[in-house]
Each structure stands twice: as C-alpha cells, then as structure tokens.
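Protein chains in written order, with my numbering: chain A, 51 to 168; chain B, 2 to 116.
No wet-lab data here; the hints were simulated from the structure. Where hints are given, some of them may not hold.
Unchecked claim - Keeping only pairs whose Cα atoms sit at most 20 Å apart, straight-line, the calculated PhoX-like set for lysine-lysine is: (1) K59(B) to K105(A); (2) K70(A) to K114(A); (3) K70(B) to K50(B); (4) K116(A) to K64(A); (5) K114(A) to K103(B); (6) K103(B) to K50(B).
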Amino acid sequence: GAVVSQHPSRVICKSGTSVKIECRSLDFQATTMFWYRQFPKQSLMLMATSNEGSKATYEQGVEKDKFLINHASLTLSTLTVTSAHPEDSSFYICSARDLSLGAGQPQHFGDGTRLSIL
Amino acid sequence: AQSVTQLDSQVPVFEEAPVELRCNYSSSVSVYLFWYVQYPNQGLQLLLKYLSGSTLVKGINGFEAEFNKSQTSFHLRKPSVHISDTAEYFCAVSDRGTSYGKLTFGQGTILTVHP
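Extracted from the complex, chain B is given alone in its bound form (with noise of 0.2 Å):
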C-alpha cells in the first residue's frame, strides 16, 4: 500500500515569486510518481511524471519536479508563478508492480497566487 502527504494545505504567493509545493510518500515497493493540476469545478490535468532516468523532471506551464529516492519526496517547484497558476495540485503515486496503475492521491495543496 502506499500513502501520498502533502505537506502545506495551502500556499500563497504574490506572482513572479517562485513556489515549492511539496509532497512526500511511504510505499513498500518502487512507484511511479505524477503530478495533477485542477482548476475550479474541473477534471484533472496532468503537470508531469516521473518514470525513470534523471530525477528532475519537467513539465507544462513551466513546472519542474525533483524525485529524491532517499527522502521519498517529489516536490514540484516553479520559478516564478503567474495569476493564471491558482489551483490545486494533487500530488500522486501508482505501484510499478501492478498494470492497472491505480492512483493513491495526497490531500491537495491550493495554490493562490496574489497581484
């Protein structure tokens, strides 16, 4: 089993700073990790993912994560955020082992992104 913690259940941020949203995971065997973004009353788009190969992986809308296998932590970051950024991330894993990949998520970070 795994379980996914997202550490700020909130963040706020005035725009052009940079923003760390991070997320940390327990799992007895080796995951896949992702990252979803979800804009008001919709669906969940993807950010990025992290199979395997270099540890620092990048994304859309200019978004970068780090996956850091000693601290079980995939912490996405952006240099500099715009308005356009306030949502909520979801931070998830899926067990390598399986084929159906079933998605454990952690609880949201909402990111709010002030003038």
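Next up, chain A with everything else stripped away, as it sits in the complex (with noise of 0.2 Å):
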C-alpha cells in the first residue's frame, strides 16, 4: 500500500532554533499534502494544505510566517518551524493524497514528529 515517510521522528531543540520536517510519499505522486498539528489527547488539526508548484493554504489562525511550507516535487512537502519556542512543542503529522486515483481516495499519514522546544 502507499507509504509516507516523515522524517525526523523525534527533534528536541533550544529556543530560537528552526527546525524543517520533510514529508515523502515514497510509491505515489502526492500532488496534495496535508500538515497536522496534534496536542496531548486531543484530535489533529490541519494546519495548511500544499499543492505541488504553489502556494500553500493556510488554516484560520495558523501563522504562515511561522510555519513555512514548502512543496517542490511530487513526492516532497517540508515544514520549516522558524524560531522556534516552547508553545510550538506537539506533535506534527503530514498525510499525503493522490488525487490521479480520483476523488475519495484517503490521505495516507507520516508516523509523525514530536517537536521538544526546551
């Protein structure tokens, strides 16, 4: 079945840092992905939506400055969290879609990045 890869799974990092998480569909052209941001016990939150040659889409109250997405390939969607702080800590998880197989296709998830901001 289709495989997304996130990388890293777990960064810890001081204050001020800007970290850049990659996302990969490894057997499929993802020409959607999808960030989620997902707090202890709680649901996941897209955060923006990113087409492959533009300009992502941001969800209501998410910072665009903050977290940079960036969607070069087919097969690549990075988020860049810049300068970041302790508030910024969670758990990220990017999905992926192939929208050639037509509508309804489901998203295929990362296992995810726990972001430590000491």
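Two chains, two frames, some hints: make the complex.
Written as structure tokens, this is what we have:
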C-alpha cells in the first residue's frame, strides 16, 4: 500500500532554532499534502494544505510566516518551524493524497514528528 | 462545513468481547467517511472508508462500519477484539464536492482492551 515517510521522528532543540520536517510519498505522486498538529490527548488540527508547485493554503489562525511549507516536488513537502519556541512543542503529522486516482481517495499519513523546544 | 462527533472518549472492553465505537457527523453536503487508527507516537493508519455503494464496509484487522444516512452515523464495530486493538480511533469526513479532500476529524476514541 501507499507509504508516507516523515523525518525526523523526534527533535529536541533550543528556543529560537528553526526546525525542518520532511514528508515524502514513497510509492505514489502526492499532488496534495497536508500538515497537521496534534496536542496531547486531542484530535488532529489541520494547519495547511499544500499543492505541488503552488503556495500552501493555511487554515485560519495558523501563522504562515511561522510555519513555512514548501511542496517542491510530487513526492516531497517540507514544514519549517521558524524560530521555534516552547509553545510550538507538539506532534506534527503529514499526510499525502494522490488525486490522480480520483475523488474519495484516502489520505496516507506519516508516522509524525515529536517536536520539543526547550 | 462539516463536523464529526465521536460519542465516547474512552471505551474499555475485555479481550474477545465485541465493541462498537460511535461516530456521528453533520454536513450540508455529501461526504466521504473514514476511520483511522493511531497507535502511540505514530501517525494514522486507514482502517476503512465509505465512498459509495453498500453501506456496510469492511476494513483491515476485522473491523467493519455501517453508513446510516438517515442517522448521519458511521459506527465502527468488531465482533471480537484483541489486546493489540488497543489504540486511539478517529472518525473523519471529507466533502465530496472538493478536489482537495480536506479531512474533518472527530475527537477520537481511546479503545483499551483488557485481558
């Protein structure tokens, strides 16, 4: 089945550092990728939708200058948390979808990145 | 806009017992329906989906779900659970009319299977 690889799985860094998270679709072309944030014991909150070759669409309340998304190819999207602070600590999950298979195709999720800002 | 309500935040059951995880949704348009499972510190894995056709859909790991349009429900069931089914389960919907397939998730149900 479709596989999405997310890297790194865990990051611990100092406040003020910028952190890049990669999301790759391994066996399909992901025309659309999604980035989610999950707080402890809560559901997933969609942060942004990215389409290959165009700017990401951010959800209301998500700072686009804080969370930079680049979907440079059909198999790779990156999320950069710029100048991270402790309140940015969270579990970040990406997902990818192959629109060429038609409507209703499910999103395939990466294993998530646990970000801890000290 | 859509919303998804998972009626139980936690469901404890004994091994080999049946289980039902409830999901209701609200939407002004037709939707696709999904159930995902999340194990600790991992992403989400698709259990099953309803796109069209038969309202009873079968998924992986012995799970099944039934779409009830009149009750706007999509409850997940398994006739006999295993310890390994302990995880968090998310119901989700996406709008049929948009091409991007943005998902709206429920709050999740933690299933704990006891020996």
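Status of the hints after comparison with the structure:
Between K59(B) and K105(A) the alpha-carbon distance is near 37 Å, which puts this suggested pair outside the 20 Å criterion. Straight-line distance between C-alpha atoms of K70(A) and K114(A) comes to about 14 Å, which keeps the hinted pair within the 20 Å bound. Note on K70(B) and K50(B): the hinted pairing holds, with a Cα-Cα distance of about 15 Å set against a maximum of 20 Å. Note on K116(A) and K64(A): the hinted pairing holds, with a Cα-Cα distance of about 16 Å set against a maximum of 20 Å.
With a CA separation close to 18 Å, the supplied pair K114(A) and K103(B) stays within the 20 Å bound. Our distance criterion of 20 Å between C-alpha atoms is met by K103(B) and K50(B), whose separation comes to about 15 Å.
The structure fails to meet hint 1 from the earlier list, while all remaining hints are met.
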